[in-house]
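Each chain is listed here by its residues.
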Amino acid sequence: MARRRDGGSGSAELLTGTGLTLWRGANCLFEQLSFSAAPGGALLIRGPNGSGKTTLLRVIAGLTRAEEGEVQWNGAAILGRDESGRHIMAYCGHATALKPDLTTAENLRFFARLSGYPTGRLTELLAATGLTACAGLPARVLSAGQKRRAALARVLMSGAPLWLLDEPQTNLDAAGREFLARMLQEHLAGSGTAVIVAHQSIDLGTAPVTVLQMGEAA
Amino acid sequence: MNLGLGQLFWVVLQRDLMVAMRRWSDICNPVVFFVLVVSLFPLALSPRAEFLRALAPGVLWIAALLAALLSLNQLFRADIEDGTMEQMLTLPYPLGLVILAKTLAHWLVTGLPVVAVAPMLAITYHLPADAIGVLLLSLLIGTPTLSLLGSIGAALTAGLRQSGVLLALMVGPLMLPVLMLGARATDIALGGDDPTGPLYLLGALLALALSLAPPAAAVAIRISAD
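Line order of the protein sequences matches chains F and W. Sequential numbering from 1 applies to the first sequence in the working numbering. Sequential numbering from 219 applies to the second sequence in the working numbering.
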């Protein structure tokens, strides 16, 4: 339920989480967890496997409900997803949201239309993400790295100020990781916000990075 | 929101139809099942014309209901597994409308073919022309209702591994009024009476399902996707 803390305070930061608590069965994934990320800044979630990083990201995305606490965007609950706004967040989870029977271009065109990205610029985007060669291939035959690139292309199309990326480097080659770092730097330079679950380091340039370490208490 | 609600509906519908067209076998399953079940009765019981004619409304409607139940399992499953549903949930669009578009797409590829072959099967059951017309009309109003009711159950069970029987147990009872009214309308027409009453009631059920099922399924999807 939307439990509103004191409304005025902390509105300088765009994304805030306060007192988040979530139990899975007998395991406490996180308790009284708070964080904030300002525009132009990144929040890096780190921790060993099974420490609840993905779950926390899903809580921020509103996909999973925390038992206590609230995630706010500009001082309003992000959970409620009031329909006044534009596209607030781009979520990129482990699943790539590609339909195996549609081609890469068809898959991306669908999300382009949903997020208002001009479909005329898709060719450009495919070239930038290195997917031109497989644009006409069904997504089922793409390699894992190519699927990840397509998912990143979807994040780029969204135009959302908040990016939620769950281990975005997975399966990417060196060039792909470099592309990811560059797109993140550009996003942060344009006062975007990013929450990233990552094991390896990402070069985010000069952007302020807050590290959230998970699973210490255990 | 970057799209109007009508556009959103159309974009989702179009994509689901495109995905379905690439998977022909999935489309054929329910209609093949329907034809199979309906054609078994004369073989097992009796091929006498007057006997088959009396049997036709019930058999055709039961087979249509089973075909609908059989196909519902897949309504949201792929979307939950491949992450599309996560995207739908994080986009600022009303989920109920997305579900309505998906359900319509599902009915167009699984329900409509059943409705389309029903008259041919009805002829083999020696049904007179005016009763076939009523049968067709009742299926046309009734099968979308079945899909809508089923969307609630499909949304609730989409996260489970073995959901077929559970789904049937859950939505089966909800579907019974549609089955009874549909079969009854055809039966009344067969007896030479006016079937408008049950047809109106079928229409009322469709209106009810159209307005209530998508929001209910939207709540269920949020639970399943968690």
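Certain hints may be false.
Per label pair, the in silico range of CB-to-CB distance [what the hints assert, rightly or not]:
id, chain 1, residue 1, chain 2, residue 2, range
1, F, L137, W, S243, 17 to 23 Å
2, W, L426, F, A207, 50 to 56 Å
3, F, S34, W, L223, 34 to 40 Å
4, W, L235, F, E31, 43 to 49 Å
5, W, D244, F, S191, 27 to 33 Å
6, W, L426, F, G25, 34 to 40 Å
7, F, T119, W, G421, 36 to 42 Å
8, F, T21, W, R379, 28 to 34 Å
Some chain F residues close to chain W (C-beta under 8 Å, calculated; not the full set) [unchecked claim]:
id, residue
9, L44
10, R46
11, G62
12, T64
13, V71
14, Y91
15, G93
16, A95
17, T96
18, A97
19, K99
20, D101
21, L156
No wet-lab data here; the hints were simulated from the structure. No residue lacks a Cβ here, since even glycine has one placed at the ideal position from N, Cα and C.
For each hint, the structure was consulted:
1. F:L137 <-> W:S243: 17 to 23 Å: Distance hint for L137 of chain F, S243 of chain W holds at roughly 21 Å.
2. W:L426 <-> F:A207: 50 to 56 Å: Holds, at about 53 Å.
3. F:S34 <-> W:L223: 34 to 40 Å: Taking Cβ atoms as reference, S34 of chain F and L223 of chain W lie about 37 Å apart, which means the hint holds.
4. W:L235 <-> F:E31: 43 to 49 Å: Since the Cβ atoms of L235 of chain W and E31 of chain F sit about 47 Å apart, the hinted range of 43 to 49 Å holds.
5. W:D244 <-> F:S191: 27 to 33 Å: Since the Cβ atoms of D244 of chain W and S191 of chain F sit about 45 Å apart, the hinted range of 27 to 33 Å is violated.
6. W:L426 <-> F:G25: 34 to 40 Å: Given a distance of about 39 Å, which is inside 34 to 40 Å, the answer is holds.
7. F:T119 <-> W:G421: 36 to 42 Å: holds (39 Å)
8. F:T21 <-> W:R379: 28 to 34 Å: Since T21 of chain F and R379 of chain W have Cβ atoms about 29 Å apart, the given range 28 to 34 Å holds.
9. L44: With a closest approach of 20 Å, the L44 of chain F hint is violated.
10. R46: violated (22 Å)
11. G62: holds (7 Å)
12. T64: holds (5 Å)
13. V71: Status violated, d = 13 Å.
14. Y91: This interface hint holds because 4 Å falls under the 8 Å limit.
15. G93: holds (6 Å)
16. A95: holds (3 Å)
17. T96: holds (6 Å)
18. A97: Holds - the Cβ of A97 of chain F comes within 8 Å of chain W, reaching about 4 Å at its closest.
19. K99: It holds, given that the least Cβ distance between K99 of chain F and chain W is near 5 Å, below 8 Å.
20. D101: With a minimum Cβ separation of about 4 Å from chain W (threshold 8 Å), the hint on D101 of chain F holds.
21. L156: violated (14 Å)
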